[in-house]
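Turn these sequences into a full structure, and let the hints guide you.
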Amino acid sequence: MRSRLTRQRFALLFAAIGPGLIAASADNDAGGITTYSLAGARFGYGLLWVLFLTTISLAVTQEMGARMGAVTGKGFGGLIREKFGARWAALAILIMLAANFGTTTAEFAGIATSLRIFGLNRLITVPLAAIAIFILIAKFDFQRVQRIFLISSLVYFTYVVSGLLARPDWRLAVGSTLRPEIALTAGYLLMFVATVGTTITPWGQFFIQSYIVDKRLKEEDLPYMRADVYVGAFFTNLIAFFIIVACAATIWATGMQISDAAHAAAALKPLAGRFASALFAFGLLNASLLGAAILPLTSAYATCETFGWESGIDKTPGEAPIFFGLFLFFILAPSAIVLAIDSGLLLQAMILPQVLNGMLLPAILIFVLKIANDRSFMGKFTNSRAFNAIAIATTAVMIALTILLLGSPLIERLT
Amino acid sequence: MQFLTQVLGRTVFDSIGEPVGKVRDVIITPAEPLPVVSAIVIGHGHRDIVVPWQRVREEVDRLSLPVRRDRIADYTPREDDIWLKRSVLDRQIVDVHNYKVVRVNDVRFVETPGQVCLLGVDASTRGLLRGLGIDWISGVLRFLVGKPLPERIIAWNDVETLEQAAGPIKLKIPLEKLSRLHPADIAEIIEQMNPAQRADVIESLDVQTAADVLPEASPEIQAEIIEDIDPERASDILEEMDPDEAADILGDLPEERTEEILKEMEPEEAEDVRELLGYEDETAGGLMTTDYVTISEAMTAQGAIDYLRKLAPDAETIYYLYIITEGEKLVGVISLRDLIVAPPDKPVRDFMVTRVIHIHPEASIREAAELFQKYNLLALPVVDYDNELKGIITVDDVLEGIPAEAWRGRPGRRQTAPDQRLEHPVEA
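These protein sequence lines are chains A and B, in that order.
Read in order, the letters of the first sequence correspond to residues 556 to 970 in this note's numbering.
Read in order, the letters of the second sequence correspond to residues 176 to 603 in this note's numbering.
Think of the hints as simulated: they come from the structure by calculation, not from any bench.
Just so we're clear, the structure is a prediction, and the values are computed from it rather than from any experiment.
We put the beta carbon where it would ideally sit given N, CA and C, even for glycine.
Honestly, I wouldn't trust all of these hints.
One side only, chain B facing chain A, incomplete, derived with CB under 8 Å [unchecked claim]:
{"no.": "1", "residue": "265"}
{"no.": "2", "residue": "266"}
{"no.": "3", "residue": "278"}
{"no.": "4", "residue": "280"}
{"no.": "5", "residue": "289"}
{"no.": "6", "residue": "294"}
{"no.": "7", "residue": "298"}
{"no.": "8", "residue": "303"}
{"no.": "9", "residue": "306"}
{"no.": "10", "residue": "307"}
{"no.": "11", "residue": "369"}
{"no.": "12", "residue": "371"}
{"no.": "13", "residue": "372"}
Pulled from the structure, derived: some chain B residues nowhere near chain A, Cβ distances all over 12 Å [what the hints assert, rightly or not]:
{"no.": "14", "residue": "227"}
{"no.": "15", "residue": "355"}
{"no.": "16", "residue": "474"}
Pasting the structure below:
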């Protein structure tokens, strides 16, 4: 056979790292790491049960997105347009763009924070990162870039080791995972919404579907796709679990306070000792770069696909003006914000967008539910009752929490 | 009515002013020269009522029916009716005139006496803004930028819909307009589609057209398509293609898949392709095809012409004929010109060129290209070290093999007119 075939075999090996795993691990971005760290640092093991249930929701929503992509062969935005029309599609896209804008800001804040640990000023690092990302995406094959980031994501296993070394109170940890206990304080609710929002993101819904569309799966492939998605969701949240546990055991247990994301590095001390900060910075930087590379691109693609504008990183700006405009905007504007705000607000800049993600999530999930249950699109592959139940429950809970959260200042004033 | 988005959602009233429901869809029936609007679909509670368009009265600000709500006669749907919102609006279609895949933002009608006809679809951004109800933005943009947003209607004759209905029920799409385009244009169009649409199109085209289109697409897309469609259809298409093109595509696929398809092919074809798969990519062997014409030296000129007439449809090139002996050994070559000029009874051995320009399978593409250039060839035979003829390389294949830059910067060569190339291939 031709020599090309050997090249093909290598490609197959890489392809074995399935879309589920890739999409899910991109969840551990700057916002993710920071949210989980804070969750553990401020509330100990109190949010583990949220993480546990969120993992189930994540597996379900990702599977629905992947199934929609596999069965219809179309992207999420395009499906919304075909089912609901241009107006609703515009709303969905605007919601996605708003959420993505916040998340991208969080990524650049992560870049600034991580490199500040090494003493580098954000006025240098952020613009450099923006330029680097632009060149990386424009000049290199995106799939390969992603896989490189993916492999360097293995560094998060340091949290697993560190978490084990920190000798957490396992009884308490496991108990908290399985026993829901909600504290009705604004702080806790905020963290709750942020934890869900950083795990199940609006962009993640668009992302997994468009990833699967390119894979062009057949009916026989669906079980493998499901397995891949579940494994992805499990592993990524396993990391999240250990981030929370490590922070709980090292920071919360000792009563330390966190005002800066860099303090979260203390969670890695059991493993890395005085290298904890550097290790943390590396992990955060890796996460932030991955996120900052994916988000502008996927925002531009989803928007252009839905409205029929030219898209493609291989086209010139003249050929695909809106695509490039969006892509550039999503790199420049968040960077500018990160440069403009007070450095003490960098932590908020990473957490608050996750809260926004959580608040906007119900809207996206409603679109997902309606399409995934539509026989004319999905044929015999509509949602099972169990999946519907889980997705509807997630939506309802998030709506309730959003109302509670927004209303909590009011309630506190009244009581 | 002018635009579909302006009529959808409007309330329809009956003869006594009671609202019947909102317009949910508009149905057109194909006709010459333009399709006509034949009915509208009104949402009425849980059911939809389909009313013939002739019974709808369009007034300044409202649509109404001349009868009472409970006495509306239903429309009888016809087989080739198209429901615009369900099948056309917001969906992707092929603009056959401009070779593009676009999304329908709106549908334009034209009013003629007694009827409303469908003029075409609007895939422009202007149409999108209008469909979203925010047309004022285009006014603002015009003010800011100076020139108005272009508005373009794609004539219905140039529209090829990609689906019969929304959903995974894959009916074979007629694709009449698409299939009449040049294969290179069809290839350009399918490159804009997503993998699912591509596979549908290739499955719906007839085998010969599909076989012409596939080589024109990029190698990644070729491999993707052949992997997606079922092996039997894939083998049918690959059989219609030239063996070297088929080998190119199969070489990019995983081994099991390649075997699967080769098993479905006719044994002779499969063998040809298998043989070609054995050669390295960037060599003469990798470029060559096994579809060429060979004759024996005893044949007369007339005999050769008759033979050629029988074979011509299958051969890659008939401009050169190769003379071989029993053991497939290459002993001579004649051009088509030689054949026509020679006396009909003359045996071929008397006027064939015996010192044939040739190349070995392991030679590089560059060496092949240089031979083509130097001797003004249209085709180059590939022989192994025993002088057995293995295949031929045609000039179009070698041109594809050389990147464009390599051709620039050559010292001014004398230009040869195309028919001069049909002279005897010059002796080595």
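Going through the hints against the structure:
1. Restraint check, residue 265 of chain B versus chain A: the minimum CB separation of about 5 Å is within 8 Å; hint holds.
2. Evaluation of the residue 266 of chain B hint against chain A yields a held restraint, the C-beta minimum of about 6 Å falling below 8 Å.
3. A hinted interface residue such as residue 278 of chain B counts as satisfied when its beta carbon comes closer than 8 Å to some beta carbon of chain A; here the least separation is about 3 Å, so the hint holds.
4. Interface restraint check for residue 280 of chain B: the shortest CB-CB distance to chain A comes to about 7 Å, inside 8 Å, so the restraint holds.
5. Taken as an interface hint, residue 289 of chain B does not check out: its beta carbon lies about 31 Å from the nearest beta carbon of chain A, beyond 8 Å.
6. About 19 Å separates the beta-carbon of residue 294 of chain B from the nearest beta-carbon of chain A, more than 8 Å, and the hint is not met.
7. Annotation: interface hint on residue 298 of chain B holds; nearest CB of chain A at approximately 6 Å, less than 8 Å.
8. For residue 303 of chain B, the interface hint holds, the least distance from its beta-carbon to any beta-carbon of chain A being 6 Å, beneath 8 Å.
9. Evaluation of the residue 306 of chain B hint against chain A yields a held restraint, the C-beta minimum of about 5 Å falling below 8 Å.
10. The restraint placing residue 307 of chain B at the interface with chain A holds, with a minimum CB-CB distance near 5 Å, inside the 8 Å limit.
11. With a least beta-carbon distance of about 6 Å to chain A, the hint placing residue 369 of chain B at the interface is held under the 8 Å criterion.
12. Of the supplied interface hints, the one on residue 371 of chain B holds, with its beta-carbon coming within about 2 Å of a beta-carbon of chain A, less than 8 Å.
13. With 8 Å as the threshold, the beta carbon of residue 372 of chain B comes within range of chain A, its nearest partner Cβ sitting at about 7 Å, so the hint holds.
14. The claim that residue 227 of chain B lies off the interface holds: its Cβ sits roughly 25 Å from the closest Cβ of chain A, which is beyond the 12 Å cut-off.
15. Every Cβ of chain A is farther than 12 Å from the Cβ of residue 355 of chain B; the closest lies at roughly 24 Å, confirming the non-interface assignment.
16. Against chain A, the non-interface label of residue 474 of chain B holds: every CB pair exceeds 12 Å, the least being about 36 Å.
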